[in-house]
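Student: So the chains spell out like this:
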Amino acid sequence: MANGFPILSPALPGTTSSDAAGKPGHASFACFYRDAKDAVYQAVLLAGRHPARAEDAAQEAFAKAYVRWDEVGTYANPVGWVVRVALNEARSAARVFRRERSDPPDLTATPDVGPLDRELVRLVWRLPARQRQVIALRILLELSTEEAARALGISPGTVTAHLHRALTTLRSQITDGYGRQLR
Amino acid sequence: MNDGDLAESIRRGFSQYSLECPVEDIIDRSRPRTWPRMAVPAVSAVAVAAVALGALLLAMPIGGGMSGSTLAPERAFASWTPEPAPVPADVLADAKARCDAADSRGAGLPLAATEQRGKYTLIFRADGGKRAVCIAGPEDELLVLTPGPAADPPREDLPPTFFPITEMVFPGPGNPMADRIGLVAGRVGSNVAEVTIHSSEAKPVAATISRGYFVAWWPGTADGAAHATIEARGEAGASRATFRMLREDTSLAEFVQDSVVEEPFPAEMTPAATLLLARADEPAREIVVYAGNMEGDFPPVRCPPEGCG
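From first to last, the protein sequence lines stand for chains A and B. Each number in this note's numbering comes from the position in the first sequence (counting from 1) with 4 added on. Each number in this note's numbering comes from the position in the second sequence (counting from 1) with 4 added on.
Check before you lean on any hint, since a few could be wrong.
Unchecked claim - Heads up, simulated SDA-like pairs for lysine to any residue below, C-alpha to C-alpha not over 25 Å straight-line:
(1) A/Lys68 with A/Asp107
(2) A/Lys68 with B/Pro223
(3) B/Lys207 with B/Ala197
(4) B/Lys100 with B/Gly122
(5) A/Lys68 with B/His202
(6) A/Lys68 with B/Gly122
If you're looking for bench data, these hints aren't it; they were derived computationally from the structure.
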């Protein structure tokens, strides 16, 4: 009896990796991905407070963007589309796996990130969900109020209100990173 | 501190988190999950890597080895059906003989389930901690997963439970069958009437339920099985529950049990590969989840202090 189990090519039938590179818009997607991936991941991470889920959701959203890059690539701000998809992905996962991290993942100490920055990450992490979402989109992704509102399915006024509340809360809680209250 | 400074500081803080995934992986992920037509011969003695998820105390290895694996290329699955059919007696006898001849290590195990999908006969044997699957196709097509090492004593009498699927087993990436078929097997509580596998690779696949076990397969991949949603439905009025693993490469952290009707279970995976499930009206349960290469010994089943039941 033959032992004919196949080893399969990683490429799709009829394609090679060079085919992917030759797809129209491939280069522009690669640039877009390079520039946007971290911010999208950070936004989904903050919104859902679940690192693995955020990573998966962000990757899935970018994959979907690639599939329809001909269209998504023409949007004024494709990041808004991607983050909306990613948040939906993460939300869907969160429905069945709700436990979130109570603290942000450890930050590696670097010269660029000071104690105050780390303190803010910790404080933002503890904000209510909607305020975190608004911070994620308005500050981390730097979306406009209207874009953030569309991505979250709420009104621009609500976005503004949540952002204001979040910043007020942060300002009241923030210290200099060494426990001293900032004024 | 003004809003601008605050925002800038937040961005600096979060800049430490990055998505470490090459664009090539994103593009790969965007491709439909089908399996390629082209195949080249593989060596026969490929180690069987598998992923097993054992819920409620059970770890059920499949695949201590593989032999006689000669399933034909994609076109041969054309007769496959999402609904299983009973296996005619003569077909079953022939399939058993072929499976046992290919690898006798599964022959001694009692039958747990059999099913027919098109021209393919599946034989699922189970006993205690051992599981064996064989799919016999037309002519000399055959796929055999032989039993792995025994891991646990038999637990054959599962009561009706809010946790309808009490075990999930499927071959994982790296298995020679990983790019040919998706397969999920496991155990179900006695209150489960239907199990359906939802994956991106096939229409919803109705599983065969027999003797407390369920099993289903489809032309697909282990990756598809790893991402499939397993839906269990009870008798009329009973709850519906779905299970899925969100990411195969973080399977230890992402196995999910969800009840659609009731509140989802808060769940947290510990580094020791233990899934803790808790509900307001029940004490927390410790559930052991296994994942990884099925060769070699399994770690012992861990149970909470009050026992494993």
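Student: So, for every hint listed, does it hold in this structure?
Tutor: Here's how the hints hold up against the structure:
no., hint, in the structure
1, A/Lys68 with A/Asp107, "30 Å, violated"
2, A/Lys68 with B/Pro223, "24 Å, holds"
3, B/Lys207 with B/Ala197, "19 Å, holds"
4, B/Lys100 with B/Gly122, "17 Å, holds"
5, A/Lys68 with B/His202, "20 Å, holds"
6, A/Lys68 with B/Gly122, "34 Å, violated"
Violated hints, in rising order: 1, 6; the structure is consistent with all others.
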